[in-house]
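There are 2 protein chains.
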Amino acid sequence: MLENGFLVWEASNNTATFHPVIESDRVEGTAVFNQQGRRIGTIKRLLIEKVSGKVLYVDVTFGGFLGIGVHLRTVPWDKLSYDKALESYRTEITEEQVRDAPAFYGYDGDDLVWPDRKREKELRDYWRDDPRGPI
Amino acid sequence: MLENGFLVWEASNNTATFHPVIESDRVEGTAVFNQQGRRIGTIKRLLIEKVSGKVLYVDVTFGGFLGIGVHLRTVPWDKLSYDKALESYRTEITEEQVRDAPAFYGYDGDDLVWPDRKREKELRDYWRDDPRGPI
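One line per chain: the protein sequences are W and X, in this order. Counted the way the working numbering counts, the first sequence spans residues 1191 to 1325. Counted the way the working numbering counts, the second sequence spans residues 1191 to 1325.
Isolated chain W, as found in the complex:
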C-alpha cells in the first residue's frame, strides 16, 4: 500500500517481518522540519556505505535561517525521522548545530573531495548524542 507517499508492506500477521521501504529518488528533495515545525532544509542525497549497503549519512541543504545563504551539511541518517503527517523528515538538529557543523567535503571543480579519516571522526563526534557510544 502507499502510505503518505511512502511504500510500505502490509503487515498481514504478527509473525511476518515488517518491511517499510523507501525509494532513493523519493527521499531526495524531501523537506526537513525542525522540532518547532519550521522547514529548515531539503534532502539532497543519501551517502551509502558500499560494503554493507547501509545509508550512513545524508546531505541536507539548509537555508533561510542561517542568514548566510544556503549551506550543504552532511548529517547522520539516524538524525532524521519520517513524519507521516508532514510527509517530510523531522529532526532535532538546531540552527546552532547546523551553523557550527564541520563541512564534510567540498568541491574541486566538478569533483567532490572526500574528507580524510580525521575529519570524518570529527563529524561523527560532532553529531554524537551520547559521548559513550557510536552514532
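Hint data in this document are derived by calculation from the structure and do not stem from the laboratory. The reader is advised that the hints may include incorrect statements.
Since the list gives no way to pick one copy over another, a pair counts as held whenever it fits inside one copy or between any two copies.
[Unchecked claim] In silico DSS-like pairs for lysine-lysine, Cα to Cα no more than 25 Å straight-line:
#1 Lys1244 <-> Lys1269
#2 Lys1311 <-> Lys1269
#3 Lys1274 <-> Lys1240
#4 Lys1244 <-> Lys1274
#5 Lys1269 <-> Lys1308
#6 Lys1269 <-> Lys1240
#7 Lys1234 <-> Lys1311
The structure displayed is predicted, hence computed values, not measured ones.
We have chain W already, so just place chain X on it with the hints.
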C-alpha cells in the same frame, strides 16, 4: 580521494575501518553490464529498508535485448557489483532471468503500487542463488 567516480576513504593504516561510500544520486543513472561486457540496463533507483537504512533492492531499466521494449525490474542489490574499470555495475543476471522475472510493482496513475508479502517472497525466491539461505 575520488576513485573512478566513487568516493572512498583512504586506508591510512590496517587497524582503521575502511569506509567506501557512494552517493545515491550518483548510483542512479549508472549503467549495468552483463558478464559478456554488454550494456544491458541502467539503474533507476535504490529501494531502502526504512528501519535498518539498508539498500535491499535496486530498480533497473533493462532494454534493447529483450525485443519487447524497455522493462523495469527490481533486483536484489547484492546482484550488482561495481566494476572500477567500466565505471559501472556488473551483474551475472542473464537475459532469460530478466525476461522471466516477476514484476515487482506497477503504477496506478502516478502512484506506485507496492506488492503484497506473497509477491515479495516470490521475488526473493526467484533471485535466490542458494535455495537454502536468504538472498
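Results for each hint:
Taking identical chains as interchangeable, the C-alpha atoms of lysine 1244 and lysine 1269 lie at most 25 Å apart whether they share a chain (15 Å) or sit on different chains (16 Å). For the identical chains of this complex, lysine 1311 and lysine 1269 are intra-copy neighbours only, at 17 Å inside a copy versus 31 Å across copies, given an alpha-carbon limit of 25 Å. In this assembly of identical chains, lysine 1274 and lysine 1240 lie within 25 Å of each other by CA distance solely across copies; the values are 13 Å between and 29 Å within a copy. Taking CA atoms no more than 25 Å apart as the test, lysine 1244 paired with lysine 1274 passes in both settings, with 23 Å inside one copy and 20 Å between copies.
Taking CA atoms no more than 25 Å apart as the test, lysine 1269 paired with lysine 1308 passes inside one copy only; the shortest distance there is 21 Å, against 33 Å between copies. With identical chains, the CA atoms of lysine 1269 and lysine 1240 are at most 25 Å apart both within one copy (20 Å) and between copies (13 Å). Proximity of lysine 1234 to lysine 1311 under the C-alpha cut-off of 25 Å is restricted to the intra-copy arrangement: shortest distance 22 Å within a copy versus 32 Å between copies.
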